[in-house]
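Student: Sequence:
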Amino acid sequence: MSHLISKLLLAMWMIPVGVFVYLFTFIFLESFRSPLGFRMSEDKAMLLSGALAWAFVAVYWYWLWARSVRWTKGRSAGTLAVTFASIAAAGLVYLAMMPINYDVAAFMASIAAPIAWVAGTILVWRDRPIERTARMEDSAGVLVCPTCGYNLTGLSESRCPECGSKFTLNELLARQPARENAEIER
Numbered sequence: 001m002s003h004l005i006s007k008l009l010l011a012m013w014m015i016p017v018g019v020f021v022y023l024f025t026f027i028f029l030e031s032f033r034s035p036l037g038f039r040m041s042e043d044k045a046m047l048l049s050g051a052l053a054w055a056f057v058a059v060y061w062y063w064l065w066a067r068s069v070r071w072t073k074g075r076s077a078g079t080l081a082v083t084f085a086s087i088a089a090a091g092l093v094y095l096a097m098m099p100i101n102y103d104v105a106a107f108m109a110s111i112a113a114p115i116a117w118v119a120g121t122i123l124v125w126r127d128r129p130i131e132r133t134a135r136m137e138d139s140a141g142v143l144v145c146p147t148c149g150y151n152l153t154g155l156s157e158s159r160c161p162e163c164g165s166k167f168t169l170n171e172l173l174a175r176q177p178a179r180e181n182a183e184i185e186r
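The sequence shown begins at 1 in the working numbering and counts up one residue at a time.
Treat the hints as calculated values from the structure; they're not laboratory data.
Take every hint as true, because none was put in to throw you off.
For each label pair, taking beta carbons as the anchor points, the in silico distance ranges come out as:
1) L8 - K44: 29 to 37 Å
2) L8 - L80: 24 to 32 Å
3) V17 - S41: 25 to 33 Å
4) R175 - V17: 26 to 34 Å
Keep in mind the model is a prediction, meaning the values are calculated, not measured.
Idealized CB from N, CA, C, for every residue including glycine.
Hey, can you work out the whole structure from these sequences and the hints?
Tutor: Have a look at this one:
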């Protein structure tokens, strides 16, 4: 399995695990009583559970994709702006829905922040056209056999004529000297 596909599968796991974090935290906060007999209200428990689930989603998403992003000052500033904007979006959702029902408002606000943050980071972290062009130019170089270094440019089969090594196209591209640790995209 390629590195990119495994990251996509891990990204899909973020949703059910984030829901688990939310539900576990909510159930804990709902059932917890302080030594003084204080019990948290349901809407506050939803908001706190949502904040913890959002923090989990943010850390998980960043951990998963941070090495794939070409970090610039603009992307770092954009990520910070998306963080504040997602918190503000959650606050606006809460304020807009509060007159209808506190519990629904708290729940909707708690899921608005992580959704807004992930969507925003997707937009901020994607390659710009000039970066994509530069990446394509870097990858248009010579293909060499990972075993013996023989120039394989122009060959139509997946076997080195010099040493006889066999490989798939993804294995060949991933093991090029200029592409060590690079992700192969289609």
